[in-house]
Structure formats: C-alpha cells, structure tokens
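Engineer: For reference, the chains in residue letters:
4 protein chains.
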Amino acid sequence: MIIVMSQSATREQIDNVEKKLSELGFKTHPIFGEVKTVIGAIGDKRLLNTHAISSMPGVENLVPIMKPYKLASRELKQVPTIIQVGDVTIGGNEIVVMAGPCAIESEELFLETAFKVKEAGAKILRGGAFKPRTSPYSFQGLEEDGLKIMASAREATGLKIVTEVVDTRDVELVASYADIIQIGARNMQNFRLLQEVGQTNKPVLLKRGLSATIEEWLMAAEYIISSGNPNVILCERGIRTFETATRNTIDMSSIPVIKDNSHLPILVDPSHAAGAWKYVGALSKGAIATGADGLIIEVHSNPASALCDGPQSLRPEKFAQLMKEFQAVALAVGRTM
Amino acid sequence: MIIVMSQSATREQIDNVEKKLSELGFKTHPIFGEVKTVIGAIGDKRLLNTHAISSMPGVENLVPIMKPYKLASRELKQVPTIIQVGDVTIGGNEIVVMAGPCAIESEELFLETAFKVKEAGAKILRGGAFKPRTSPYSFQGLEEDGLKIMASAREATGLKIVTEVVDTRDVELVASYADIIQIGARNMQNFRLLQEVGQTNKPVLLKRGLSATIEEWLMAAEYIISSGNPNVILCERGIRTFETATRNTIDMSSIPVIKDNSHLPILVDPSHAAGAWKYVGALSKGAIATGADGLIIEVHSNPASALCDGPQSLRPEKFAQLMKEFQAVALAVGRTM
Amino acid sequence: MIIVMSQSATREQIDNVEKKLSELGFKTHPIFGEVKTVIGAIGDKRLLNTHAISSMPGVENLVPIMKPYKLASRELKQVPTIIQVGDVTIGGNEIVVMAGPCAIESEELFLETAFKVKEAGAKILRGGAFKPRTSPYSFQGLEEDGLKIMASAREATGLKIVTEVVDTRDVELVASYADIIQIGARNMQNFRLLQEVGQTNKPVLLKRGLSATIEEWLMAAEYIISSGNPNVILCERGIRTFETATRNTIDMSSIPVIKDNSHLPILVDPSHAAGAWKYVGALSKGAIATGADGLIIEVHSNPASALCDGPQSLRPEKFAQLMKEFQAVALAVGRTM
Amino acid sequence: MIIVMSQSATREQIDNVEKKLSELGFKTHPIFGEVKTVIGAIGDKRLLNTHAISSMPGVENLVPIMKPYKLASRELKQVPTIIQVGDVTIGGNEIVVMAGPCAIESEELFLETAFKVKEAGAKILRGGAFKPRTSPYSFQGLEEDGLKIMASAREATGLKIVTEVVDTRDVELVASYADIIQIGARNMQNFRLLQEVGQTNKPVLLKRGLSATIEEWLMAAEYIISSGNPNVILCERGIRTFETATRNTIDMSSIPVIKDNSHLPILVDPSHAAGAWKYVGALSKGAIATGADGLIIEVHSNPASALCDGPQSLRPEKFAQLMKEFQAVALAVGRTM
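First to last, the sequence lines map onto chains Z, F, X and C.
This note's numbering numbers the first residue of the first sequence as 49 and each following residue consecutively.
This note's numbering numbers the first residue of the second sequence as 49 and each following residue consecutively.
This note's numbering numbers the first residue of the third sequence as 49 and each following residue consecutively.
This note's numbering numbers the first residue of the fourth sequence as 49 and each following residue consecutively.
Please keep in mind that the hints were generated in silico from the structure rather than gathered at the bench.
Just to be clear, a hint being listed does not mean it is correct.
Because identical chains share one entry, a pair is satisfied inside a single copy or across any pair of copies.
Claimed, not checked - Calculated cross-link-like contacts (lysine-lysine; reagent style DSSO-like; alpha-carbon spacing at most 30 Å):
{"#": "1", "residue 1": "196", "residue 2": "67"}
{"#": "2", "residue 1": "115", "residue 2": "84"}
{"#": "3", "residue 1": "115", "residue 2": "326"}
{"#": "4", "residue 1": "366", "residue 2": "84"}
{"#": "5", "residue 1": "307", "residue 2": "196"}
{"#": "6", "residue 1": "366", "residue 2": "196"}
{"#": "7", "residue 1": "196", "residue 2": "115"}
{"#": "8", "residue 1": "115", "residue 2": "125"}
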C-alpha cells in the first residue's frame, strides 16, 4: 500500500503515519519527492484498518497495490475453476447454455419449454420461482410450487436446474431443489444472502450488480468462497449506463478482465442485458467469441402470454436455430458446444 | 398507456393489439399517423400484464403515461407526509439532523459521540450494528450488542435512534430497539426486506440505491407502504457515475424532483455521497438550500481510530461549528432548525 | 408525437395546445383518460418547434414517436450502405481491418508498421497527424508533415489511409491527403466540423462520443449526410461508465441496435475502448461475431517508445497472429476477411 | 509517480524499468513487497512520456502522485483568481448572476428580456448567436446578426455580455463583440478551440463536458491558461448519468472539489442541468449555499415561443422573485449579491 501525503504535510505528520504503520505491523519506506512525500507500506493490507491511516492529519489518500480479493483471484489460483453439475462441466472447454423462461407460470408450459430447450442443446434449465420485481404489483413467482415444477421438469428431461433465491430464509429450501442457486443482480451485495449460499454445497451463479465494478463483483464472490463454497459461476448481465436503446449495457470487456484477474468461470446473460429478444442472437455470438464459458438465455413457448420479461424471450424455434449458429462461433474460437 | 406500432405493422396486427387490450379491460383509441400507428389505451396500467402486449407482433414499444407508483405519489396525496418520531417531526418545517458514527465500536466511544452530537443540535442518533461491507474481511458490526449500546445511549441522551437492518431475519430484533429502521443503498431493491420492514410500525429511512432511478426509488417506497407502513423517509446518498473525485455523485436535483412527484420527506447523506469529511459542510448547506428536510451526517470522536468510514467522519467540534452555519441557511430558505 | 397533459391541466389548456398544434400544421387526436389527457399530433415533427408546445401551461411532457434522424435511418433506406474506398469495400460481406499506430512519429517507423499490417491483412492504414490530447503538454502530432508521411506510406504499400481532423480550418488539407477522414470521439458533436467534412467527397469515419447515445450518434451522422456526404462509417469505441477496469466500456450492443435502426456500416475500435493491448484480441473477435463490419486496431512496431497510447498498441507479430484468429470467427458468422 | 510491477515481474524487468526511469531523469526508489514490487519515481511527470514506461514488460500500472494540471491548480496558486469584467467582479465575495435567453431570436425580444434581467439584478447578459444543436434541422442561431443585437443590448442596458463560440474560425469575430466568451459543454475538449480562445484577452466561461471528469475539465482550463489567457471561469452544468428525471445530473460536489483543487471561480448553470424551469430555483439556491461564485440562468420573455430550450427558461417575473430568494441564501453563507 502507498500512502500519499499532502503537499502541506509536516515532517511530524509523516513521522506519525510511519509510527502508526509500524504499530499495525507494516514495514515502511518513505520516498521524499520534490513536492510530496509518499510512504510505501509492506504487509498484509487485509489486516489493516485503512481508515485509521486515511484520516490521519497530512494524509491525502491511500493507493492499494494488492487486489482486495484473494480466494477469487488468479494470483492465488492460476488454473481455471471447473465446476461439475452432475455430468455438465462449467468452465471447461465446452460452452454451456442455460435456457428457460423468466418465471415458472404453470407445469404444462414449463415442461413444454423444457423439452424444447433440451432438444436444442441446452444443458441447464432456468426458471424463476422467487422473482424480485421492481413493482410490488407485479407477479412475484409461484415460490415452492414453482420449485416443485422445476424438479418435475428435471425428472422428465434430465436437465439440471438453476433458480434464484432472494431471501436468507429460503436458502435451505431452494438449495434442496436446485442444482445451481442463482444470486440476482439486485442481491449481488446482499452480503448475508451471499454468506448463506456460501454455506450450501450447491454451485452459485452470481450475477453482476447493475452498478457493480468488476472488483466489487469479485468481492461478492469472495464472500461466498470465504464462507466455504468455492463453486462460484460469474454472470455478466449488463450494467447501468446513460444509454437507453438497450435495457442495460452489456459489458463485454468484463469477460477478458475476469479471465485475467480470476480463476472463476463467467457466463453471459444477453436476454436481461438487452431486454429485447431480437438482440440476443448477436450478443450471444459476441459473448462466445469474446471468451465467455456459457450463456443463460430466456426462452418461452409463448412470449406474448409471459407474466414476466416477455419482450426479451426467444421462441423455442428461434432458439434452436440460434444454437446452431452459436456452435459455429464456439468452434471458431476453439471451444466445443 | 400508448402502444407504438412499428412502421411495418399490418392492419391485422393493429387489430389484434386492440382486441387484446379490450380483453384486458382497456378502452382503445388508435391514431393512424402518416408513417406509424399508435394506440392509446385507457385503464389501470397496474392491472395490465404489459408483457402480453409488448411482445405481440407489430408492437414497437409501450409508453406509460401514468407513474408506476401510486401510494408514494403526490398525485394520490397532495399534502406532505409528516412523520412523528417521539417529539421529533420529520417532513415539517424544521430541518432534522441525524448524526453519529458509521459503526458502533464500544459503549464508551458511542456515548461520548452521542452526547456531543446532541449538544450540537442533532435530534436523532445514528450508528450501525449490522454493517454491509464490500469486503468479507472488514468489520461487520457488533450486531445485537451494538443495538443494546444504542438503547443505552438513547436512555442516557434522550436522542431517538436510527440503525440499519440487512437481513429479513433481523427485522423483528432491530425494530424492537430502533426508533427508525434504515434500509441501506445496497438493499434498496431487496424486496423481501422492504416487505418485512413494511410490516413493522417503525418509520423507515430508505436510502437511494447507487444505480437506482428516482422512479425505482419511489417503487421501493411503494413496496414498504403497500405492506402497511406509510412512514417512509427517503434519503439521497449519491449515485454511481464516472466521476471519481468524490465517492459517489450526490444528485441534488433528486430533492425537487421528489418534492414534485411524491409526498414523502427527503433527507440527504453528504458523508457517504462525498466519502470525505471536508466536503460535508458545503454539501449539507447545499442540501438544505435545495429543499431537503434534513441531513444524516457521520460524526466520530476519533475518526483516525474508526473501524469504518473514518475519512468521511467529522469530529464533534467541526460538526458543532457547521450546525450553526446550517442554521443560517435553513433560516434563509424559511425553515427552522 | 404524443403530448401528455398534466393531471391538473384544465380543459382550456388542452384546447390551447390543440389549437397551437393545428396552427403548426398538425392534425390532433385527444384521448381523455381517467386521470390524464394525452393528445396525439400527426405531422412532421421535424417541422415543429417542440419548445413552443412543451412550455405551454398544462403540458407535462412530449413523447416523440418518430426517430429524429431521417437520412441515417433504416426506415428511409432499407438496403445497407456500402462504401467504396478504392478497391476496398466497407459495409459489404467482407470484414475490413484498419490498423496502424496512434500517432505518426517518424517516416521510418510508420513505413515499417505499414508494411507489417499490410502483410497481416489490413486494408486501411491508420495514423494520427493531428492528435486531440487531454493534456496541452502531450505530443500533439506532426500535422502536415504527418500527412505527407501517410501519403508516402500509401504510395509504398498500396494501403488506403484514414486520419483524423480536429479543426474546421484543416478539413480541406486533410481531405487532400486522406482516403477516409476520421472524426474523433471528442468531436462527435463538433457540429461545424461535421458540416465541413459533410462538404468533402471523402468517406467519414465517425467515432461515437464518450457520452453519446446511439440516437445522438446517428444525429451526428445526419449532420454529415444532410451536408451532402452520404458516406459515413460509424465506429463504436466505448462509452464512459463507472467501470474503471477498462478505459471505456465497449458497448457491443450498439452493433445490432445500429443495424436495426440505420443503413450505415459500423466498425469497432477495441484498442481505444479497452486501453490495454491484452484485451484487443478477445474484443475484436467479439465485435466480429456480434456483427461489426470491421475493426480499427492500434499496431506499433515498438509500443514502449510510442509517443501516444503505447499500452493499447499491439506489436505487429501479435497482430498478424490475431488476424488469423479473426478470420476464423468471420467465417463462422458468414463473413469473409 | 509510482510504478507497480506485476507479481510475475522478474528482477531483470524491474532493473530495466529503473534504468529507463533514470535515463528519463527520474530518481528511483524501489520497494520490494512480499508479493509485488513498486518503484517510486521522483521528477517531473509532465516531462515523462509515460507510455514508454507503462508498456514495458513486467509493468502492471502507473500511479500518478502529482495532478496533471499545473497552472489551474491550487497547489501552484493558493489565492483565488478574481476576474474583472468591466465593473463586474467574478470570483470575489459577490455572487454574480448571468441571465438571458438560450438563443437570440430578435432584437425586440432580446432587449425586452435584457432590461428585465437587469432590473432583477443580473450583471451579465447571456444569449446564443451560434448554437450547437443536436439536430441539423434545429435553429442554429443568428450568427453575426445575433452578436450585433447583443452589442446593442449592452449599449442599451449597460450589462456585460457572454456568448458562445463553436468554431475556431469565429473566435476573432466573437471576441470582438463579447465581454466573456463561452465554450459549451460539447466543445470542452475541442482543444483547438481552447487554444484559440486562450489567445484572446477575453475571459472564458468554460462549461464542463457531459462526460468530463473534474480532472479533465481542469485540463481543458490548463489548455486555455497555457495558451496565454489566465481568465477562466468554470461552469458546472450537469453530467450525463443513468437518471432521466432531469436532463443531466448536476454535480454539486464539483463546487467544493474545484475550490479544493483549483484557484479558478466556478459558476453553476441550473437551467441546462435540470432541463426544466421548475427546478431552477431550488438548484440555484443549492448552488449558492454549496459555494458557487455565481449562476447562469435562462430567462425568456415568452418561453412558449422560444426557438430553443423553452422548457427550461424562466419568465422574467419568476426570475425576479427568485433573485430575492437567492440573495437571502447568499447572505446566509457570507456572500453578497
């Protein structure tokens, strides 16, 4: 860590900061510049209460040198994390596609979609039983009944299932049904929920928050891993920017940045990012070519009757056609699908 | 609501949309433009599953005319909501100041700060017992022990207390101690938590999410009010933008926008927005002059030893001096303090 | 256009708005809702001084139905615009790659890079003679000497050249050397410069502004086209967001959005978007797979000695290797390269 | 400057960076941490071609310690810059208000507004003769005829005049009429234009770009000052964020940040920031209380007939009433008006 002293810092203030750092177990290396002094502090930043330093008189700011995450970092673990969900491998050479409707609405409709996405090549079935909705007046999901429908669909199709949990009180319940537990974008910094899913033995699909930096996203993964669950799958789903032509702005550069800084696999959710089914094909191909390990796509047998996110759902036939196109792109970048 | 049909929409598609709207209980008024057709739909949008319409063939987009929030809206209730917390009135003519440390660290330190902020004129004492921290390695709060310390400080000083809840499982506990329950920025769209605090009888201080639009913020208030608790106090604490000179960008225009669209009171938290104590004075005065109903400010007897957010905490003496300056501004805009 | 009247608008105010719209040549269609009234106005919005309406008493806001751009729109011209630069075709089935250093520093170095990017398959040579730099103390370009070096490189290699103009006074000069004139991100709304290049007969590479919406970007294209020059090539180069892991956030979804709304070709500049050469390969593949018509990439024979943007420049050998990988992706999405 | 070496940097790479820094005239101080090495480099960063270092093998990133601006910095000049425009003082204790219509439309209308804003207490008259408009189909200003009308209004009222220049070719012309030359937000990084106005002897009102950081804004000021013109007045007019309730988000914290880092005066333009006249009063008071040195406000005698930005223009009577309220706030923070 580097402590930058202000231009007007006195020698005494500099000495005090050095003394405080020593007390905290750091070795210090002051560098006296022509205008400002900076102090290099060697030691484990994670042990440091940085606030104690940054509010000392004469301190301008602190510059961290080490990343704040450790367990999620590529520095700690250089081989990619591969997550096994039954016979499905996430983070390996194969591109994995998760598909299904936004919300589970009825058993019949869900099974129909499930069989179709399986036929098209999806390996994981998605569906929401607990829905976090912007409006209290919107459909909030079938809750446990929805989980039961998912379980039947798994039985019937052999697909693994992924579904979201939104409340610490439901983690045990959701974990008892799901093969993968999803943490949605709005809960990415619901730290208690992260700790709870970190205590299950189910892989966690961790969506990026709408205004989360990549570093904060990896810190959220760190919460889960440090609670005991190393099986975190990251999912880029767009960030909030000034552009309104799409619902959110998919940050495609997060893919190589994550690959550079972390060992965790990363998927992309083009449906929620774009908010419009017509852009899902192009963005999915882009995500695969950029290096994503998989996709999570909304598919609905009858988008016009969907109780949630209809405009961004693909019909099963369109999805099946796109899956063939995705495969060609996967092969072009040396991946299987 | 207005349905905009795409340029290439056929007459049949237009008819189908009109038919569907009728089925949903809307009266329809098509307007055939030179290039595009739009359909006006009269009725209660909140009853409508808009997805059913927006994914119909030929539909380009929907334009809502009514606000999505109702109970939080100025249209429903034109007189400002005034919230009584013991003998403290929030949302009236008086500017209310809440002050105290970020986290409760020890009874002695907390009481010291409590007495000093009271002396300076604060009416409500803030302090965190449950802290949502970006890093799992940071201090997470004293939990119930912290609540007990707050209760003692209330007893000792007569100040009312406000503290944050971060888990649905703790709502009952926190409500049993706090006078005002705080929902932090990261939990603004933790809808289950909103519903839980909506079932208590304690006023709720609802901070704006870092990437929440004002409309989404009012929808979060709507969750609380529609769960049975009308006593919501909004709190602007900065939004996330590209600017890094301050931790977040305080959106001062949210004050008049909220006043225009809602009857709820609005406070400003300049400490978290700026992330630096030296900007707290200027921004507080700005908030009062812009029309805020109060402030929530971090004050710590010894910022350099704080376990959390030291750099943004004012020392009690500085706070006391600023309170006098705030009073002059309050008077200049016709408020008392 | 739809005029939304406020809830408290009187009948007289509604009548006045209708009357004013009639005077402006619109046909009006009021729809009286249960709470609010909206007025549909049929006619050419571009003829309307919308300010006249939006500040009339009782008007809440205006909702445009038609896009504000016309000449740049897909609605006007449904076949894609194909731009011929000598024997290079931009906007057709072939992916076109422009490459070269950020700034021209010396003839020798520039020629060396030029031959190498040609050998690797680039069709257009990029290089900056006039550099818009954030700091007045940074290298500002060789100006006309730089243009002369570019012309020699064109002569020597047969590559076409693209270079930026930053001042209306230089448009004639730059146009006399360049095959394609570049408008940089910072000048995307330098409307006088747009009009000037709109009066040349050279194709224009129009970079997206850092905070420009896609609609504003197409309006900038509209300035050029309406000045007489239909040969506009759009170039996505990242937008400014809160994320700092990359210099800017590449908005990959702008590619399908542009294809949906405009007939103009679109390239991607991964070098400026990412600000780091190590991400250029992944983002380039992503751009091709998402549907971009080409790329513009920084290549420098010796990045460590570059006077500008060294960290984002690829070495020629790395560029040559990536070009082969790009080709595989192009083929996978049915494009040639 | 601090050079952070990557974890995998070899001793040889570290030595090479030190050697290169020495060649560039820096004294180096390596600090060997437990995991990473950082190198402190003492010397004038402005002399350094940082690219040469940041792309060297083993370098992870550079951390600047000194601000990139010098002439605009508080470090260089600790007393505030006071700018004299005839008998009007900007940057002193008095709050200065500039007011007038967005665009000059006719002499009669302009004079009418001019007399009214003078009567209300404005000291400077604003008006646009050259208008940068998003659409090529919008009114672009009366050009030199507009300047002549402004000059007459100055003669008639005694007010000083401020008006925008948008093209390097017009700087001499505009400077011959205006008392203060305005650089609009869209031209904040039109560096040639900055250099041109830097060569006049007229004060420059430099608006902040929509996506400009405060540092970039001060760098733009640095362009003007380093060209020979020290009389720069900064103007905050809102930045682009995700929030759409106001046209832009006024960044009120830029006021104390500028005061902390620069000696230049700063005004606020609430009209363009909010885009709605009804928020101008609240934001103006907020700006004064936060520490702004003045305001620039749109006033139009008949907003409903304005050719530009009518919705954000105040009527003269409303402006006159607000001016009294502003004065009370100014006095409360120890300023005159």
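Engineer: Confirm or reject each hint.
Structural biologist: Going down the list of hints, with the structure as the test:
| no. | hint | verdict |
| --- | --- | --- |
| 1 | 196 / 67 | neither (61 Å within a copy, 35 Å between copies) |
| 2 | 115 / 84 | both (25 Å within a copy, 11 Å between copies) |
| 3 | 115 / 326 | between (38 Å within a copy, 19 Å between copies) |
| 4 | 366 / 84 | between (62 Å within a copy, 27 Å between copies) |
| 5 | 307 / 196 | neither (36 Å within a copy, 42 Å between copies) |
| 6 | 366 / 196 | within (28 Å within a copy, 52 Å between copies) |
| 7 | 196 / 115 | neither (42 Å within a copy, 36 Å between copies) |
| 8 | 115 / 125 | within (14 Å within a copy, 36 Å between copies) |
Violated hints for the displayed structure, listed by number in ascending order: 1, 5 and 7.
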